[in-house]
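Participant: If you want the building blocks of each chain, they are given just below.
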Amino acid sequence: MTPILEIDAVSKRFVKELDVAERTARFLGSKIEPLAIHAVDGVSLSIGRGEVLGLVGESGCGKSTLGRMVAGLTTPSEGHIRFRDADVASLTGAAAREAALKIQMVFQDPMSSLNPRLRVDEIVGEAPRVHGIVPRKETAAYVDDILSRCGLDPSVRRRYPHQFSGGQRARIGIARALAVKPDFIVCDESVAALDVSIQAQVLNLFMRLREELNLTYLFISHDLGVVEHISDRIAVMYLGRLVELGTAEDLMARPNHPYTQALVAEIPTFETKKKQYSAIKGEIPSPMNPPPGCHFHPRCPHAHPRCKAERPTLREVAPGRFSACHLNDEGAASTAA
Amino acid sequence: MTLLQVEDLATHFFTRDGVAKAVDGVSFSLDRGEILGLVGESGSGKSVTGFSLLGLVDPPGRIVSGKIVFDGEDLVKGGEPMMRTLRGKRIAMIFQDPMMTLNPVLRIDTQMVETVLAHERISRKSALERCREALARVGIASPDERLKSYPHQFSGGMRQRVAIAIALLHEPDLIIADEPTTALDVTIQAQILSEVQKLCADTGLAMIWITHDLAVVSGLADQLAVMYAGKIIETGETGRVIEAPLHPYTKGLIASVPQGQKHGALLAQIPGTTPSLLNLPEGCSFRPRCPRADAACQEEPPLGALLPGRAARCFHPHLDERREALAS
Numbered sequence: 001m002t003p004i005l006e007i008d009a010v011s012k013r014f015v016k017e018l019d020v021a022e023r024t025a026r027f028l029g030s031k032i033e034p035l036a037i038h039a040v041d042g043v044s045l046s047i048g049r050g051e052v053l054g055l056v057g058e059s060g061c062g063k064s065t066l067g068r069m070v071a072g073l074t075t076p077s078e079g080h081i082r083f084r085d086a087d088v089a090s091l092t093g094a095a096a097r098e099a100a101l102k103i104q105m106v107f108q109d110p111m112s113s114l115n116p117r118l119r120v121d122e123i124v125g126e127a128p129r130v131h132g133i134v135p136r137k138e139t140a141a142y143v144d145d146i147l148s149r150c151g152l153d154p155s156v157r158r159r160y161p162h163q164f165s166g167g168q169r170a171r172i173g174i175a176r177a178l179a180v181k182p183d184f185i186v187c188d189e190s191v192a193a194l195d196v197s198i199q200a201q202v203l204n205l206f207m208r209l210r211e212e213l214n215l216t217y218l219f220i221s222h223d224l225g226v227v228e229h230i231s232d233r234i235a236v237m238y239l240g241r242l243v244e245l246g247t248a249e250d251l252m253a254r255p256n257h258p259y260t261q262a263l264v265a266e267i268p269t270f271e272t273k274k275k276q277y278s279a280i281k282g283e284i285p286s287p288m289n290p291p292p293g294c295h296f297h298p299r300c301p302h303a304h305p306r307c308k309a310e311r312p313t314l315r316e317v318a319p320g321r322f323s324a325c326h327l328n329d330e331g332a333a334s335t336a337a
Numbered sequence: 001m002t003l004l005q006v007e008d009l010a011t012h013f014f015t016r017d018g019v020a021k022a023v024d025g026v027s028f029s030l031d032r033g034e035i036l037g038l039v040g041e042s043g044s045g046k047s048v049t050g051f052s053l054l055g056l057v058d059p060p061g062r063i064v065s066g067k068i069v070f071d072g073e074d075l076v077k078g079g080e081p082m083m084r085t086l087r088g089k090r091i092a093m094i095f096q097d098p099m100m101t102l103n104p105v106l107r108i109d110t111q112m113v114e115t116v117l118a119h120e121r122i123s124r125k126s127a128l129e130r131c132r133e134a135l136a137r138v139g140i141a142s143p144d145e146r147l148k149s150y151p152h153q154f155s156g157g158m159r160q161r162v163a164i165a166i167a168l169l170h171e172p173d174l175i176i177a178d179e180p181t182t183a184l185d186v187t188i189q190a191q192i193l194s195e196v197q198k199l200c201a202d203t204g205l206a207m208i209w210i211t212h213d214l215a216v217v218s219g220l221a222d223q224l225a226v227m228y229a230g231k232i233i234e235t236g237e238t239g240r241v242i243e244a245p246l247h248p249y250t251k252g253l254i255a256s257v258p259q260g261q262k263h264g265a266l267l268a269q270i271p272g273t274t275p276s277l278l279n280l281p282e283g284c285s286f287r288p289r290c291p292r293a294d295a296a297c298q299e300e301p302p303l304g305a306l307l308p309g310r311a312a313r314c315f316h317p318h319l320d321e322r323r324e325a326l327a328s
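For the protein sequence lines, the chains are A and B, in the order given. The first sequence finishes on residue 337 if you use the working numbering, and the numbering steps up by one all the way, no holes. The second sequence finishes on residue 328 if you use the working numbering, and the numbering steps up by one all the way, no holes.
Hint data in this document are derived by calculation from the structure and do not stem from the laboratory. One or more hints might be untrue.
What the hints assert, rightly or not - With a straight-line cut-off of 30 Å between C-alpha atoms, the simulated DSS-like cross-links for lysine-lysine are: (1) B:Lys89 x B:Lys67; (2) A:Lys281 x B:Lys67; (3) B:Lys148 x A:Lys16; (4) A:Lys16 x A:Lys31; (5) A:Lys181 x A:Lys137; (6) A:Lys274 x B:Lys198; (7) A:Lys281 x B:Lys251; (8) B:Lys251 x A:Lys275; (9) A:Lys274 x B:Lys89.
Predicted, not measured: the structure shown is a model, and the values here were computed from it.
Here chain A stands alone, though its shape is the one from the complex (with noise of 0.2 Å):
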């Protein structure tokens, strides 16, 4: 499979700069520093045209940055984000307009994201008109069109975002985002607010519309069970890093890394009968000041004195298969795990 999107080596830091106050105090020869986070440090992707590449990971793990960036809504610290063999920061002029309109991003929060002035026809219609896609006099029709596919009735053009309902409100933010007709569609948690019924229409409309005009997604999740039965492949962070990928199937089936371990066994299941639950100890450590070595070792069962001075690099561990983790190292470790 041919990447249309390649994620190389990507980096991004938020940095608090220092206020006068600290300032002055560094001057006199105080040791503050600037408060920098990681939110994503050092993640390398490559995303097959027509694929679906599921990230999941929990709060804080910088998965929604990544898709940011990967949106072009920010932009990296360090790396280069190419689609199309084309790195996308030194576009310039009608091919960086091109390559914007072609990612497009759908949101969490439909009501946060769609102006609640506007009505549908215009939030829907809008960008398409202003970039030319489609001549004015067709916009409507164009708009009708899309909103069809989207399963809206497109007698509802006329009316503003809180007339619907949250699951209709998240298909207005899809067909915003396939108005201008992009090939890739980054969707950050964009199911995660809504019913479990509503939900499954929305994860079948995403892959009714995959197959009808061979788009490719990044599908950015907390719920591992979503993740899994919408992706092809599996990347998983935490903390900033990337620490497992690979197919779908074959990462649920045998975890690798003792984190993604974790995550599979805590999806919520249908249990007929009570179920012991046992969770991984501890918090999710700030990342504003991280563990040394392998993020996850204050919090893995398996860690080692290695562990923590060392950071793991991620390495295939089988064909296709990539994790970040000491354990692989040592043989028959890991498949004990």
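Starting from the known structure of chain A, fit chain B onto it as the hints suggest.
Facilitator: Showing chain B alone in chain A's frame:
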């Protein structure tokens, strides 16, 4: 032994646009040490049911009829004075967002001691000792230090633990938990679930676990009650409801959760959306979305006992498959 008996409870909201029957004839009972999973989607009335039990319904809503018999006494008749003596003491509640439960400008010790002293006349020192024990019981490390912290200094999971610790201070008989793990990450959710499981087993605490997530509650609850549009549409022992749901809505709900075996396939979906409580369809409120609906469904179906210990509010329950399975 029955601890709580709810009979035909109805809580309505009298709004400008009409009467919203958020809870409309809900009945269930709960034994000591039992966990009841109250499941439903947004707007199904599950949270309002929980609030009604604690007398926390604000105008324009009020309990219009029904009985809530807690340990032999009717809470609806007893009204606010009786509620004040029970709330926080014998019945406690855990909310979805612990940041809303905890006062952001007070230290944890202040808030906890206040809760203890509200119901008991003991010295501040022994109250503090009780708080320390409660924090330790929910798995908070170095409770002495943590008592002196403010809520914003805790992570989400820790805050929920503190909220649970506050609920436990008076060793209540019943805890009502309203979506307590929805805002938490999966690994933290599992920690809270294992903590709750231990507590219920150790102390004989009864619990009503209100959630939209059937999967989470399936491994935890003894009994399930599924709500739709203000009514309980199916009840029964958890394992059997999950295994063979009777009501088409429960069946649809279970089928629409993505689970391993269905990878890549289209999910079974329930068409349509949850109806507005102000504008419910005639008869069975699930009728417009139901694949089995016919003319009979224009009448309101009763919550009928269809199997031993199982009830569903449906004229066309999924019983035939069961018979076939039994015959073969």
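Participant: Sort out which numbered hints this structure fails and list those numbers smallest first.
Facilitator: 2, 7
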